[in-house]
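> Listed below, chain by chain, are the residues.
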Amino acid sequence: MDVGLFTANNIWMMIATALVFFMHTGFSFLEIGLTRSKNTINILFKNIFIITAGLLLYYAWGFNLMYPGFEEGSAGIFQFSMDSFGIAPPENGMTPEYADGGYTWWTDFLFQGMFAATAATIVSGAVAERVKIGAFMVFTVFYVGLVYPIVGAWKWGGGFLDAWGFYDFAGSTLVHSVGGWAALVAVALLGPRIGKFGDDGKSKAIPGHSIPMATAGVLILWLGWFGFNGGSVLSADPELTSLVLVTTSLAAAAGGMGAVLLNYILYKNLDLTMFLNGILGGLVGITAGADLMSPNEAIIIGFLAGLIIVLGVALVDKLKLDDPVGAVAVHLICGIWGTLAVGIFGSKAGGGQFMTQLYGVLIVGAFCIVCSLIILSALKAIMGIRVSKEEEVEGLDIHEHGMDAYPDFTND
Amino acid sequence: MDVGLFTANNIWMMIATALVFFMHTGFSFLEIGLTRSKNTINILFKNIFIITAGLLLYYAWGFNLMYPGFEEGSAGIFQFSMDSFGIAPPENGMTPEYADGGYTWWTDFLFQGMFAATAATIVSGAVAERVKIGAFMVFTVFYVGLVYPIVGAWKWGGGFLDAWGFYDFAGSTLVHSVGGWAALVAVALLGPRIGKFGDDGKSKAIPGHSIPMATAGVLILWLGWFGFNGGSVLSADPELTSLVLVTTSLAAAAGGMGAVLLNYILYKNLDLTMFLNGILGGLVGITAGADLMSPNEAIIIGFLAGLIIVLGVALVDKLKLDDPVGAVAVHLICGIWGTLAVGIFGSKAGGGQFMTQLYGVLIVGAFCIVCSLIILSALKAIMGIRVSKEEEVEGLDIHEHGMDAYPDFTND
Amino acid sequence: MDVGLFTANNIWMMIATALVFFMHTGFSFLEIGLTRSKNTINILFKNIFIITAGLLLYYAWGFNLMYPGFEEGSAGIFQFSMDSFGIAPPENGMTPEYADGGYTWWTDFLFQGMFAATAATIVSGAVAERVKIGAFMVFTVFYVGLVYPIVGAWKWGGGFLDAWGFYDFAGSTLVHSVGGWAALVAVALLGPRIGKFGDDGKSKAIPGHSIPMATAGVLILWLGWFGFNGGSVLSADPELTSLVLVTTSLAAAAGGMGAVLLNYILYKNLDLTMFLNGILGGLVGITAGADLMSPNEAIIIGFLAGLIIVLGVALVDKLKLDDPVGAVAVHLICGIWGTLAVGIFGSKAGGGQFMTQLYGVLIVGAFCIVCSLIILSALKAIMGIRVSKEEEVEGLDIHEHGMDAYPDFTND
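From first to last, the protein sequence lines stand for chains A, B and C. Under this note's numbering, think of the first position of the first sequence as 144, with each following residue one higher. Under this note's numbering, think of the first position of the second sequence as 144, with each following residue one higher. Under this note's numbering, think of the first position of the third sequence as 144, with each following residue one higher.
Among the hints, erroneous ones may be present.
Because identical chains share one entry, a pair is satisfied inside a single copy or across any pair of copies.
Capping the alpha-carbon separation at 30 Å, the derived lysine-lysine pairs in BS3-like fashion look like this [unchecked claim]:
hint, residue 1, residue 2
1, LYS523, LYS461
2, LYS347, LYS491
3, LYS532, LYS411
4, LYS523, LYS347
5, LYS461, LYS491
6, LYS339, LYS491
7, LYS523, LYS411
Rather than coming from a laboratory, the hints here were simulated on the basis of the structure.
Taking the hints into account, I'd like the entire structure generated from these sequences.
This is how it looks when you write it as structure tokens:
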């Protein structure tokens, strides 16, 4: 094993880790930008909770739960009940032999830990402006601590989806749809925000309070995807990492273009938030097969994801679901699209692969829906999941946190 | 070829690519921060369009147009009319032999693609708050898709400027002045914003709506310049890349100091925006010779760029040109300064080099002025380039996009 | 020496440099977010001054002052009086032999230069909203240009603290406490802001004007700490760098959890700013021993730092000291805690090490207090260090800079 190469690989994985961590800043900006200023602190509190609690939970048992086979004799799902609370690096974990010279055991843990928190963050945006903070925190603990690593183990931990040949390079299904299914269940259980649907049943726009923050959020997320997809190569392999960055960026660009074009055709409006969600849709869409696609295929996948975003947002609205940031369209619908696209484009294209992808989507979907329903229904019964009408109208910041995000401006 | 070294080189170039991509966030923040809140969405829309359309155009033909000689038998400028729409990696493109072991073909494309979009972004700031969005989008397509790669081919593609010995390390001329000349032509054709020059002919300050965003923008741009200049080494050569980061950062610091000092002497005011533009001036100024200068020379070049900024902004004002973000002073004038400085300082200093640099500046300037005039005059005749008076007064956000960037604050 | 490995090491150090530079954006966001909008430009001006002046001063003599022994025959503290103004790279500075193959001389300078500016930035937050800008600028010159490198030389330059076995991996004492002691002295000399303590002597909250910016600031600082601690390994050693990132991130997460929990127990409030300061406390706390601790120890150190933050903020308040951003609790108290923790946890744990750590803390503290007192008292006598009552009430932005940070919102 070449020490220089091992060092280079490990550097790339650490940078990817840093970039995925930075995505939490992107998600925070996006979510607060697309919602009202009176709920800003609440959303930020949720995001900070997700990343801190997420890392600690992943350390406590999530990592061992998700990669049960990595260590000889590891107990996998039961690991957390054993005396080895916390991570216990394998004896050869720090050597260039670990993970075929890709990176150290520490890098492995931290990179995967940054991923883990993402799933709950996706939910955070969808339930914004009306969810009870305590209920959301408990939900996060279960979803990041159990549901995400269990699903992850099925594929990335070497489980049955992996054995079937299901392909999901960086998590269109394993990360984005896992978050997206919970978002869907949560918005259905929570109901729409007050004023979202008029007495006539028509959807009304509730404009976000800071479009610059939403825009910065998407640009930061795009940047973070350099690490999310680029790091999922699990080494610094020059050809593969750089191809992945190209397909990722082209899909993002094409997604934005697709969404803004279709939106203009349908509504005659140059809609910036649709442009932004189209970029995110393209990014989510390419994630399952970023290492398999040619640039032309990446552009097609991204562009179609952009079209899907416009239609998906309209569909969610039609179903009387209130998803303030478009998380269901972006992460769930484009996550499914990206996963299926692996069976349509690239070197794995073919009917057999398509069906495997479809089965994977359905199985993960069923599991996530059931888990979300159980967790959220239990929380609804025990402590309630929605704030009072008064609190929702006056804002969660004052009621749950006793603070105002912008006191110099809103108190005037 | 050493695989470890190739991998390391490629990592550095991918990071540089990510940092140059992040500059678009910096430009966005700077431009909206220095303009009024009523035009914020419009500016952000332009910036998102530039990066998405820019990447796709560069993929479609810009890259082949700019680097015609990279592939044996490549048709260069006519490449885009051939059946190989989109990029077609050379057979050895993914091997360590490509680009002397610097990086893969994919990395090459993406790094250069991120650069390409920068030129149009420079124009975006100058024409802010009054340009028609449709006209600007068409202009972007021509300028990023044709003008930038053609000029780039003259030097970086191995064309006649390169043969002459013209030196432009990372693009004081090829990127910043190319954008700056178009900015100059555009502000002249557009005319000043309503209220910029009083009936007495005196210039009036139109304060930007968010100085924190402008400041963050400049800090992000400085960070991005680590990749812009550091990546222009085209390998991770330890001595050269780290020297470039040192000269870049010292020039930025000296530029800020120069501008804030001269501004204080002239106007007795500790002007933050001048401080920020001085930093940018220093960065643009060092860009042409960041790899040739000693730290002392970098400080001198940067400091003088800072002085030039203060005088340049005053000059632009005196000429009754309205450039809301100071793009002409920063990118055009300091771009010229930096290019000429290569003939004054560093190992290439000398009369012969100076004249070569001057010829390069003039030829590029003439070409960019002519191209900009043709494109913008045609657009003016066909669809108009300036919004109506009513739209300008009420804001482009409501008229062109039907949205408000800060509805919770401005609607109160 | 392996060129591939040297290149990889140098890349990691350059990235760490970039990340530490980005921390200045984080500090800027945090400081303006936690203060009032009328003083925003003033704070940003100070931050931009610190990074630009800091780099130039460190170039002029700080680096040579801090690392006197690096070059054979270097005069150290008297270097700046010699004709070699500015840095003069050693003959073998650019070779793989420099710094045991870790990085080039240029990288060394720039990484350390980015660190240097941090100490003054810590003070900036504490004195916000009432310090005279001119006095602060002079203070910065002395503190970054002299005090910081002298203390640094005692340990990192191979001085007596190093000889004693004092351990401070990345600067809990050498950076954070050095800044924190000056912050303490400065807030004591300045006195509280008008309105901070009522006639009844009770402390009143003066809410910051943008909690989203404060939150983004902390997330960016956490990201920057990947470079601050990760780069302090001074090579890309895979095991050590990745361990450091794990301990750093776990301590940050645990710090946030500790602070938010204790705060909730004491005050029954889910306080976002305490969550954020807890994260920072955890980061400062792990900094002295990030390379020595196991993940479990990092979590304990971080969690205790979080508790310390809540108690520290209350203590500062009780002492009638007005520290708008909590800099004393975060950087001074947690800096001391982190330094002492090296004698309690990790492979160096033991009474002897604990006493060495304690002596180091006390000696550095005494020196910094004396220096700060001398500099600030002299400035108070000569030019005054606090703005007039009128200026403080109306805001420093208008009085010192003639500008408004948010004219579209605050002028309405």
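> What label fits LYS347 with LYS491 when the C-alpha limit is 30 Å: within, between, both, or neither?
neither (43 Å within a copy, 62 Å between copies)
> Could you figure out if LYS523 and LYS411 sit no more than 30 Å apart (CA to CA) within one copy, between two copies, both or neither?
Answer is between: at 22 Å across copies they meet the 30 Å cutoff, but 41 Å inside does not.
> Could you place LYS523 and LYS347 in one of the four classes (within, between, both, neither) given a Cα distance threshold of 30 Å?
Within. Shortest intra-copy distance 27 Å satisfies the 30 Å Cα cut-off; inter-copy 38 Å does not.
> Under a CA distance limit of 30 Å, which applies to LYS523 and LYS461: within one copy, between copies, both, or neither?
within (25 Å within a copy, 42 Å between copies)
> Measure nothing new, just compare the shortest in-copy and cross-copy C-alpha distances for LYS461 and LYS491 to 30 Å and report within, between, both or neither.
neither (35 Å within a copy, 63 Å between copies)
> Up to 30 Å between alpha-carbons, please classify LYS339 paired with LYS491: within, between, both or neither.
neither (43 Å within a copy, 59 Å between copies)
> Which holds for LYS532 with LYS411 at a C-alpha limit of 30 Å: within a copy, between copies, both or neither?
For LYS532 and LYS411, the Cα distance is within 30 Å only across copies (22 Å; inside one copy 36 Å).
Consistency note: the structure conflicts with the earlier hints numbered 2, 5, 6.
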